[in-house]
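**Q** From just these sequences and the hints, can you work out the full model?
Protein sequences appear in the order of chains A and B. So in the numbering used here, spot 308 of the first sequence is number 308, and the numbers just go up one at a time. So in the numbering used here, spot 93 of the second sequence is number 93, and the numbers just go up one at a time.
Honestly, I wouldn't trust all of these hints.
No copy is singled out in the list; a pair is fine if it fits within one copy or between any two copies.
Straight-line alpha carbon distances no greater than 25 Å define the calculated SDA-like cross-link-like pairs of lysine to any residue that follow [stated by the list, open to error]:
id, residue 1, residue 2
1, K253, M23
2, K306, D360
3, K185, E144
4, K196, D377
5, K8, N139
6, K79, Y3
7, K8, P163
8, K8, L140
9, K253, E361
10, K196, Y3
11, K85, T72
12, K8, G116
To be clear, the hints were calculated from the coordinates, so they are not data collected in a lab.
Protein chains: 2
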Amino acid sequence: MEYRFSDKVLSLQPSAIREILKMTSQPGMISFSAGNPAPDAFPVEQIRAITADILDKDPVAALQYSITEGYTPLRDAVKARLAGKNCFDPDRDDLIITSGGQQASELSCKIFLNEGDTLIAEEPSFIGCLNAFRSYNANLVGVEMDDEGMNAAKLEETVRTQPNVKLVYLIPNFQNPSGRCMSAKRRKEIYDLACKYDFCIIEDDPYGELRFAGEPIPSIKSLDTEGRVIYAGSFSKVISPGMRVGFVAADPKIIAKITVCKQVSDVHSNILAQMICHRLLTEYDFEAHLEHLREIYRRKYSIMAKAIEDNFPPEVEVTHPEGGLFIWCTLPEGSDMLAFVKRAIEHKVAVVPGTAFLEDESKSSRSFRMNFSTPTDEQLVKGCEILGKLLSE
Amino acid sequence: MEYRFSDKVLSLQPSAIREILKMTSQPGMISFSAGNPAPDAFPVEQIRAITADILDKDPVAALQYSITEGYTPLRDAVKARLAGKNCFDPDRDDLIITSGGQQASELSCKIFLNEGDTLIAEEPSFIGCLNAFRSYNANLVGVEMDDEGMNAAKLEETVRTQPNVKLVYLIPNFQNPSGRCMSAKRRKEIYDLACKYDFCIIEDDPYGELRFAGEPIPSIKSLDTEGRVIYAGSFSKVISPGMRVGFVAADPKIIAKITVCKQVSDVHSNILAQMICHRLLTEYDFEAHLEHLREIYRRKYSIMAKAIEDNFPPEVEVTHPEGGLFIWCTLPEGSDMLAFVKRAIEHKVAVVPGTAFLEDESKSSRSFRMNFSTPTDEQLVKGCEILGKLLSE
Numbered sequence: 001m002e003y004r005f006s007d008k009v010l011s012l013q014p015s016a017i018r019e020i021l022k023m024t025s026q027p028g029m030i031s032f033s034a035g036n037p038a039p040d041a042f043p044v045e046q047i048r049a050i051t052a053d054i055l056d057k058d059p060v061a062a063l064q065y066s067i068t069e070g071y072t073p074l075r076d077a078v079k080a081r082l083a084g085k086n087c088f089d090p091d092r093d094d095l096i097i098t099s100g101g102q103q104a105s106e107l108s109c110k111i112f113l114n115e116g117d118t119l120i121a122e123e124p125s126f127i128g129c130l131n132a133f134r135s136y137n138a139n140l141v142g143v144e145m146d147d148e149g150m151n152a153a154k155l156e157e158t159v160r161t162q163p164n165v166k167l168v169y170l171i172p173n174f175q176n177p178s179g180r181c182m183s184a185k186r187r188k189e190i191y192d193l194a195c196k197y198d199f200c201i202i203e204d205d206p207y208g209e210l211r212f213a214g215e216p217i218p219s220i221k222s223l224d225t226e227g228r229v230i231y232a233g234s235f236s237k238v239i240s241p242g243m244r245v246g247f248v249a250a251d252p253k254i255i256a257k258i259t260v261c262k263q264v265s266d267v268h269s270n271i272l273a274q275m276i277c278h279r280l281l282t283e284y285d286f287e288a289h290l291e292h293l294r295e296i297y298r299r300k301y302s303i304m305a306k307a308i309e310d311n312f313p314p315e316v317e318v319t320h321p322e323g324g325l326f327i328w329c330t331l332p333e334g335s336d337m338l339a340f341v342k343r344a345i346e347h348k349v350a351v352v353p354g355t356a357f358l359e360d361e362s363k364s365s366r367s368f369r370m371n372f373s374t375p376t377d378e379q380l381v382k383g384c385e386i387l388g389k390l391l392s393e
Numbered sequence: 001m002e003y004r005f006s007d008k009v010l011s012l013q014p015s016a017i018r019e020i021l022k023m024t025s026q027p028g029m030i031s032f033s034a035g036n037p038a039p040d041a042f043p044v045e046q047i048r049a050i051t052a053d054i055l056d057k058d059p060v061a062a063l064q065y066s067i068t069e070g071y072t073p074l075r076d077a078v079k080a081r082l083a084g085k086n087c088f089d090p091d092r093d094d095l096i097i098t099s100g101g102q103q104a105s106e107l108s109c110k111i112f113l114n115e116g117d118t119l120i121a122e123e124p125s126f127i128g129c130l131n132a133f134r135s136y137n138a139n140l141v142g143v144e145m146d147d148e149g150m151n152a153a154k155l156e157e158t159v160r161t162q163p164n165v166k167l168v169y170l171i172p173n174f175q176n177p178s179g180r181c182m183s184a185k186r187r188k189e190i191y192d193l194a195c196k197y198d199f200c201i202i203e204d205d206p207y208g209e210l211r212f213a214g215e216p217i218p219s220i221k222s223l224d225t226e227g228r229v230i231y232a233g234s235f236s237k238v239i240s241p242g243m244r245v246g247f248v249a250a251d252p253k254i255i256a257k258i259t260v261c262k263q264v265s266d267v268h269s270n271i272l273a274q275m276i277c278h279r280l281l282t283e284y285d286f287e288a289h290l291e292h293l294r295e296i297y298r299r300k301y302s303i304m305a306k307a308i309e310d311n312f313p314p315e316v317e318v319t320h321p322e323g324g325l326f327i328w329c330t331l332p333e334g335s336d337m338l339a340f341v342k343r344a345i346e347h348k349v350a351v352v353p354g355t356a357f358l359e360d361e362s363k364s365s366r367s368f369r370m371n372f373s374t375p376t377d378e379q380l381v382k383g384c385e386i387l388g389k390l391l392s393e
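**A** If you want it as structure tokens, here you go:
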């Protein structure tokens, strides 16, 4: 039977990373292709104790329907936390709990974009959100990055020439896939463009808490005097991705629209998971937990960075992230990145081809993404040795 | 600041039920307006034991990222269960776990409808899904019901006159809000129309397991030889709505599109909740649990039905559901239903005005919905006494 699918989903494909991840389940495969937290990063003991206590004392609240906005004590705890970083102003913002950080970006797209309206993203950018924007038939346009983040002059040119630019999607901290951090100056420049050209910014910040070197840079949200920044965060990288708990802070008019759209989608996020996050935030030393995570990722990053330095030819450009989960490698001009990635998989090391992160996947790329959070220490070294040998050939 | 929201969400409002539910939190309010399972219907002991065991033996699997399609053992268990009811054919169907049953309907709408395409629903119908369809700017058209379900002749007329009818949304078992069950004959007539006029059917079945009287009627899915029926189910009414676990079975091409759209929305559903549902289905006597639920609702229904009979004037028409959670009452011609609902709330009894369930909420209705699963036995009697007194005035 031939189905009459909607225009917006006709050409939508599962993410290329998924296809690669399927191959990584082969025995003996070293996977640098995931974006998962390290297995030893989960606060298992605490979650066990909290869950038992909730199901002992308050089972009906954890199992019954709840409100779309989210579990009120968790909302309050997240608001307070964000207010401490100038990412939430109680007088001018509201906040809703989402089913993971990605739902925040997906719903922001839904509430703003008619089909054909323009959304601009960093090129490269996070494939999950790019696909979310595609699923609304957005006119998705990429703007190139340098080491300070999205090129502001190129952004301005793009805003001037593309139809109905309503949203710019940014991952300022330890960007996926590049690992880059946007400079304070660039954040200000892009925010000023938002005011000048009347667009809103989705500031997606799943990795902000995972800074293991250098100094924090104030968020774009903290610069926002006009209500143009939609700040999305997540507990996926700092508590558990399987729980699917994220949040979004923005002007109350924006949060009201997101709330209605979330209500018609999943009604509310899993309530037990929200209660667990709340208690981890308020009854445990959450800062100490974050410091523990940073310690893990600092160590894992330095193992991979050293193994790259020891094994990769100097012609391969490599980013030096100060946090997050990813390193971005770029082969010299004239290289065939896709052929290299295929050979790497044949030699049992999986990385993600850079083309997966482009607004137009048919464009060419000489880059690939490597993840250092999921592999074991031994895999980090061994995998880089294998890649280094292939690169030198 | 004036935001340039998308056309599809501009006029989208939070559900009217929500606004009523807010009032029901007033002290002393008897609420017949919810759709929640009875608090004593949750298998708390089992969930406690299963959760402790999972977090003891397999914490990383319960906390890490998982696959969009859902937890494989749960998918297999649900497929087997549905196959036993001829709602799943392993040779021709596929199945995905969703974040509650509503996500199945929402994503079905997204994958099929361009803005302006027509979706037909029973009038009245479930407000959550009506709002989901509105959120894609569907041309939402209601077709009236009788005691056997949606009027098939009116449906055919509507299909012939409306543009691009792609989907018909039905709740054949113990419909929300009417409590009615669609007859086997009507199911067949409507399925035949789907084949004749090339549309698909969303068969939403959250209440099918809650039959407390009469004989089960085969699903529309069980009649489906062409791949036209999208069967949506949920654990919300039989395990826990707070967990947000549902599922949808359909042709693999449809499931593939739903999977991509779910992936870009919430990546996957909460994994611990999926593991809990799996173990309740496979390691406990799930049939005995369902029988226990039916017992609870049979009793609660009969208390409310008797209280209605004892207290309501005979001019008020009342449905006699054989399952589910709702009774639908219709006032005599010339009555002002909204004025009655307001007075009822002033007298501390909340019911949901029928207008909330219309495709066009500005149309008039003489009906209101009453829920018997959530109130206590005493509240069921007391509330009906108060309503009866108001109705007689």
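**Q** Each hint should be assessed against the structure and marked as holding or not.
**A** To see whether the hints hold, each was checked on the structure:
1. Taking identical chains as interchangeable, the C-alpha atoms of K253 and M23 lie at most 25 Å apart only when they sit on different chains, with a minimum of 23 Å there against 44 Å within one chain.
2. Proximity of K306 and D360 under a CA criterion of 25 Å is satisfied in neither setting, with 33 Å inside one chain copy and 64 Å between copies.
3. Taking the shortest alpha-carbon separations for K185 and E144, only the intra-copy value of 17 Å comes in at or below 25 Å, while the best inter-copy value is 61 Å.
4. Taking the shortest Cα distances, K196 and D377 never come within 25 Å of each other, neither inside one copy (48 Å) nor across copies (61 Å).
5. In this homomeric assembly, K8 and N139 come within 25 Å of each other (Cα to Cα) both inside a single copy, at 11 Å, and across copies, at 17 Å.
6. Only between protomers do K79 and Y3 lie at most 25 Å apart by alpha-carbon distance; the minimum there is 23 Å, versus 45 Å within a single protomer.
7. Both within a single protomer and between protomers do K8 and P163 lie at most 25 Å apart by alpha-carbon distance, with minima of 18 Å and 19 Å respectively.
8. Taking identical chains as interchangeable, the C-alpha atoms of K8 and L140 lie at most 25 Å apart whether they share a chain (13 Å) or sit on different chains (19 Å).
9. Within a single copy, K253 and E361 get their C-alpha atoms only as close as 35 Å, which misses the 25 Å cut-off; across copies the closest is 23 Å, which meets it.
10. For a Cα distance limit of 25 Å, the shortest separation of K196 from Y3 across copies, 15 Å, qualifies, whereas the shortest one inside one copy, 44 Å, does not.
11. In this assembly of identical chains, the alpha carbons of K85 and T72 lie at most 25 Å apart only when taken from the same copy (20 Å versus 40 Å across copies).
12. In the homo-oligomer, the alpha carbons of K8 and G116 lie at most 25 Å apart both inside one protomer (10 Å) and across protomers (14 Å), since each shortest distance falls under that limit.
Violation of the numbered hints given earlier is confined to hints 2 and 4; the remaining hints are satisfied by the structure.
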